[in-house]
Amino acid sequence: MNMSAKPFNFTKGYEELEHIVADFESRELDLEKDIPKFERGLELAQKLQQRLKEIENKVVEIEKKFS
Amino acid sequence: MPALTVTQLIEAINATLSALEDVVVEGEIDEFKIIHNKWVTFQLKDEHSSIGCFLTVWQYKTQVEDGMLVRATGRPTLRNKGFFSFVVTNLQPAGEGALKRAFELLRTKLMQEGLFAAERKRPLPRFPEHIALITSRDAAAYSDFLKVLGARQGGLQISFLHTQVQGQDAPPQLVAALEHANTHLNDLDAIVIVRGGGSLEDLQAFNDETVIRAVAASRTPIIVGVGHERDSTLAELAADLRASTPSNAAELLVRSREELLLAIRHLHNSLAGQLHEHLQQQRQVIAAAVSILRTRTAVPQQRVQRQLESLSAMRQRLRQTITTRTGETTRIRHLLHEAFHEKLKQQYITMNQLTRMLRSLSPEKTLKRGYTITRNQRGVVIKSARHVVAGEEIATQFTDGSITSRVHGTDHQKALAL
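First to last, the sequence lines map onto chains Y and G.
All letters in the first sequence, in the order written, are residues 49 to 115 by my numbering.
All letters in the second sequence, in the order written, are residues 1282 to 1699 by my numbering.
For the record, the hints were derived by calculation from the structure and aren't laboratory data.
No experiment lies behind these values; they were computed from the predicted model shown.
Careful: at least some of the hints might be erroneous.
Label pairs and their in silico Cβ distance ranges [to be verified]:
no., chain 1, residue 1, chain 2, residue 2, range
1, Y, SER115, G, SER1480, 22 to 32 Å
2, Y, GLU87, G, ARG1500, 31 to 41 Å
3, G, SER1424, Y, SER115, 17 to 27 Å
4, G, THR1491, Y, GLN94, 42 to 52 Å
5, Y, SER74, G, GLU1385, 45 to 55 Å
6, Y, SER74, G, GLN1586, 42 to 52 Å
7, G, GLN1586, Y, GLU80, 37 to 47 Å
8, G, LEU1574, Y, GLN94, 35 to 45 Å
9, G, SER1537, Y, PRO84, 30 to 40 Å
10, Y, PRO84, G, ARG1564, 16 to 26 Å
Straight-line alpha carbon distances no greater than 30 Å define the calculated DSS-like cross-link-like pairs of lysine-lysine that follow [claimed, not checked]:
no., chain 1, residue 1, chain 2, residue 2
11, G, LYS1428, Y, LYS101
12, Y, LYS106, G, LYS1626
13, Y, LYS60, G, LYS1428
From the three backbone atoms N, C-alpha and C, an ideal C-beta is built for every residue, glycine too.
Please put together the full structure from these sequences, using the hints given.
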């Protein structure tokens, strides 16, 4: 399974998006400076949505006898 | 027959007794004592008999009290001092009543320790991605949990640790699995322990003190969901979050993809809205600036236009003036010319008249009419009798010659009477 390498961390992505939104809501925007941030936000939203499109969960059984 | 030592005798008896292996004895507890927090002793009895029991506190994993019916697993042993003891390896309350009582006793004890305190509870991660699942692979709870989890979210990594969830082996396996999850699994977000419903006896592993303590000590946030809605085990109380069922554990653990998609869309919209609003504001600012610029630049433009217009009007007027004045000049020149000409004419006439008059007034004509001109010796015309003295020689001019005469006398009184 090559899904084990997860390049995108959902929690970090979501928190970063929330942070950008909160930041935008808290102040006046500077178009020049904020356009890259805005684009980053859109990218994050897209990645998060993409991640939620995954159907299967990966179950790995730990091969160990517990006693 | 050679004599045995006392020790040998005891050893021989114990060897014989060991053939009994582990015996399970059910009886009622009496004279229960914990000595120096190391040993536990009690009498196990029924209506007719009684036997002394012994176990270490490490093996004492439940809470019993006098009068409680228990099932003790152990080995009958003859001690060195010669008294008989039933060495217990496992002690379990027997029967529903005893189990309930044990449950209550342990609950009270652990509660007093603060093991179930709300302030010990940690929040679960918002978006767990790597989850350790501890349960039996044969249990319905296993498939229930995974089914509900899969319905809510995909792309999650689940490390499954198989253990027994019932019986004597369950508690040590659960403890070992918990330890393994906490120490060997990387980037673990949460641990989930689930088991389906059952009788209090079936769920006993989750009321086992070692299991409860292991749950409470888990370094990774943990959810325990055991049994049905009504069932409650102490392991659940010790967990960070208690799930009512295995399915509920999945529901509590991860938010549904619909809910998350909605939240993400909300964030996305908010982001886009902020930018849109900002652009709208900027557009208004620019529009206002353009409008200001327009009025500001329009003023000089108008002024220049006005000045150009007035300049043109002035030129026009000037041209007109020049034209008018030129005409006037011509006319004036003409008038002047005429006037001058007239004047000349008049002067010419006057001169003619004057010439005629002069001519008429010339001394020759006067002389002709009988008048004479008298001059003194210096040639000066004598106009008054006073300018002549007696004896003076004077010359009188006539129209046809002159005479000289000597003055005899003068009379100033007599004027010419004409």
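Would you mind confirming whether the straight-line C-alpha gap from G:LYS1428 to Y:LYS101 stays at or under 30 Å?
Since the Cα atoms of G:LYS1428 and Y:LYS101 sit roughly 17 Å apart, the hinted pair holds (cutoff 30 Å).
Hint check: Y:LYS60 vs G:LYS1428, CA-CA at most 30 Å. Holds or violated?
It holds: about 26 Å lies between the C-alpha atoms, which stays within 30 Å.
G:GLN1586 paired with Y:GLU80, Cβ distance criterion 37 to 47 Å:
Since G:GLN1586 and Y:GLU80 have Cβ atoms about 39 Å apart, the given range 37 to 47 Å holds.
With respect to the beta-carbon atoms only, verify the hint that Y:SER74 and G:GLN1586 lie 42 to 52 Å apart.
50 Å, holds
Satisfaction of the hinted span 45 to 55 Å by the C-beta atoms belonging to Y:SER74 and G:GLU1385:
Since the Cβ atoms of Y:SER74 and G:GLU1385 sit about 53 Å apart, the hinted range of 45 to 55 Å holds.
At the C-beta level, are G:SER1537 and Y:PRO84 separated by a distance inside 30 to 40 Å?
32 Å, holds
I want to verify a distance hint. Is the separation of the beta carbons of G:LEU1574 and Y:GLN94 within 35 to 45 Å?
The hinted range 35 to 45 Å holds for G:LEU1574 and Y:GLN94, with Cβ atoms some 40 Å apart.
Looking only at beta-carbon atoms, does the pair G:SER1424, Y:SER115 fall within the given range of 17 to 27 Å?
24 Å, holds
Holds or violated: Y:LYS106 and G:LYS1626, Cα atoms, limit 30 Å.
137 Å, violated
Distance restraint evaluation - Y:PRO84, G:ARG1564, Cβ atoms, bounds 16 to 26 Å:
21 Å, holds
Distance restraint hint 31 to 41 Å, applied to the beta-carbon atoms of Y:GLU87 and G:ARG1500:
38 Å, holds
Is it true that Y:SER115 and G:SER1480 lie within 22 to 32 Å of each other by Cβ?
For G:SER1480 against Y:SER115, whose Cβ atoms are near 24 Å apart, the range 22 to 32 Å holds.
The structure fails hint 12 only (numbered hints given earlier).
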